[in-house]
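Asks: Here is what each chain is made of, one letter per residue.
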Amino acid sequence: MKLLADRELVWLIGGILAFLAVATVIAQVLKGRAQSESARATVDNLVARIRAWWVMVVVFGIAIATGGYGSLVMFAIVSFLAMREFMTLLPTRRADHRAMLWTFFLFLPAQYYFVATGWYGMFALLIPVYAYLLLPSVQVLAGDTEDFLARTSRLQWVLMICVFCVSHAPALLMLEIPGYAGEGAKLLLFLVVVTQVSDVLQYTVGKLIGKRKAVPSVSPNKTVEGYLGGGGLAVLIGTALWWATPFAPWQAALMSLVIVLAGIAGGLVMSAVKRDRHVKDFGALIPGHGGVLDRIDSLCFSAPLFFHLTRFYFT
Amino acid sequence: MLLEKLVSALLRGACRLVTGAQPRWLCDPRSLAPRVYFANHCSHLDTVVVWSTLPDALRELTRPVAARDYWGHGAVRRFIAHRVFDALLIDRKAAEGAEVIERQRQETLEAMTAVLDSERSLILYPEGTRGSGEAVQPFRAGLYHLAKARPRVPLVPVYLGNLARILPKGAALPVPMQGQVVFGPELHLAPGEEKQAFRERCRRAMLELGEGRA
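Line order of the protein sequences matches chains X and E.
Going by my numbering, the first sequence opens with residue 1, and the numbers climb by one from there.
Going by my numbering, the second sequence opens with residue 1, and the numbers climb by one from there.
Please keep in mind that the hints were generated in silico from the structure rather than gathered at the bench.
Just so it is clear, the structure is predicted and the values come from calculations on it, not from any experiment.
Check the hints yourself; a few may be wrong.
Label-pair ranges, simulated between beta-carbon atoms [claimed, not checked]:
1. Ala111(E) - Lys31(X): 52 to 62 Å
2. Tyr132(X) - Pro55(E): 39 to 49 Å
3. Pro55(E) - Arg275(X): 33 to 43 Å
4. Leu254(X) - Lys5(E): 51 to 61 Å
5. Pro91(X) - Arg24(E): 19 to 29 Å
6. Pro91(X) - Arg204(E): 19 to 29 Å
Partial chain E-side listing against chain X, Cβ under 8 Å, derived [said to hold, decoys possible]:
7. Gly20
8. Asn162
9. Arg165
10. Pro168
All residues carry an ideal CB built from backbone N, CA and C; glycine is no exception.
Build the full structure now, drawing on both the sequences and the hints.
Replies: In structure tokens form, the structure reads like this:
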């Protein structure tokens, strides 16, 4: 297997598994010590989250191990599930039916097809240009003008977040970075690890020492301490992983900072969307986490930024 | 036999993929006693969704009530209705003359009670025809007459959510959004309960499932 030939990749994956193993042990210790009702609920949620993490890591590991196409298929499925969750929550009308079919059955597969073939121009333009103009045209032909601007905007937004943004993660594999040929999997892993570790550490630090609420009207559980502590630690971890990337340590630090900040913004924006639609989670597919979109909200924002910064400065 | 099994599995798989529907049970999903499931009717997907979210053992015992003028047409539909769903096809075409209508109604009722008497369950749509999906229409009297004829058979309200958005009237292809299926708590016709009151109570029980209050 090519996977085992790449020492750095083995170290990265081994590190993730070790991290999860430690988390599992800590959770079991906490479980034994939880006394109050609320503490037990928190620990139960933690255990469910960690169990789901094992599943997600295995799925993602298989995707990475099967090479570019494996990652591509996995992210296409993630896009599909996220779009299903998002679309379900939005008010649509009968006249939107055809345009919704196009988003699922034309634009989603086409976007991933262009990632697969490495056709950068179409990958970057398909949704912001072609879908942007075609979808409202399809909608207007259905003849219903009620709430038209809002209806067409919602479809654009769903497609941008769930397909366009998410597809930038596997698209990292198509970048041609001098001296880093065929090693794109590690770049993808770097993005996902920093994004998700940042989420996890913000949550953990916030739970442990969080006091000042950061944006109570949007996301009451987010604290300043969580953002600074968790985000700061995630930047340190990202910096410490520079050896797996084409970056120098200071570049890895800046990239991690961008990923963390974008992830925070993504989490907040998607929380606001949930508030707007009066739901707590986008779905219930991942026990302890909520829906797929709840898990990847930060990745939706960090992936495109990370992709374009890397593409601009390193290819 | 093999073909029926294959089509059945394919239909259930497709239904799962398209609607992502995971049933929520507020009554016992293991009870094999005959029941009448009554659901809101808003899409061609309704029967497939209720039928495919029933546990295997219940599904084999359950016969959907379906309109002959739709399911009796064409070889594919007939095959699915008879061999896969084992549907009870009924006439809903407006017949001429009060006498004929009354006889048709009586025959339908007898066919349904016969199914219950043979220890099997029914799926039916008390609104009669498919609504627009936006509001649950007033119930027709069929459910009341059936409950009166077999008062000991439990009635189970089933709420189907979002299916009209997934596959609205007149659309050929479904948008794979998340559907919702809730099987509510069993209810019975109370002794001496009036037709109108019973119809309204059943309708409310179904609507409450959709509002997530039950």
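Asks: If a hint holds in the structure, say so; if it does not, say that too.
Replies: Consistency of the hints with the structure:
no. : hint                             : in the structure
1   : Ala111(E) - Lys31(X): 52 to 62 Å : 57 Å, holds
2   : Tyr132(X) - Pro55(E): 39 to 49 Å : 45 Å, holds
3   : Pro55(E) - Arg275(X): 33 to 43 Å : 37 Å, holds
4   : Leu254(X) - Lys5(E): 51 to 61 Å  : 59 Å, holds
5   : Pro91(X) - Arg24(E): 19 to 29 Å  : 23 Å, holds
6   : Pro91(X) - Arg204(E): 19 to 29 Å : 24 Å, holds
7   : Gly20                            : 6 Å, holds
8   : Asn162                           : 6 Å, holds
9   : Arg165                           : 6 Å, holds
10  : Pro168                           : 5 Å, holds
Comparing the model with each earlier hint shows no violations; every hint is respected.
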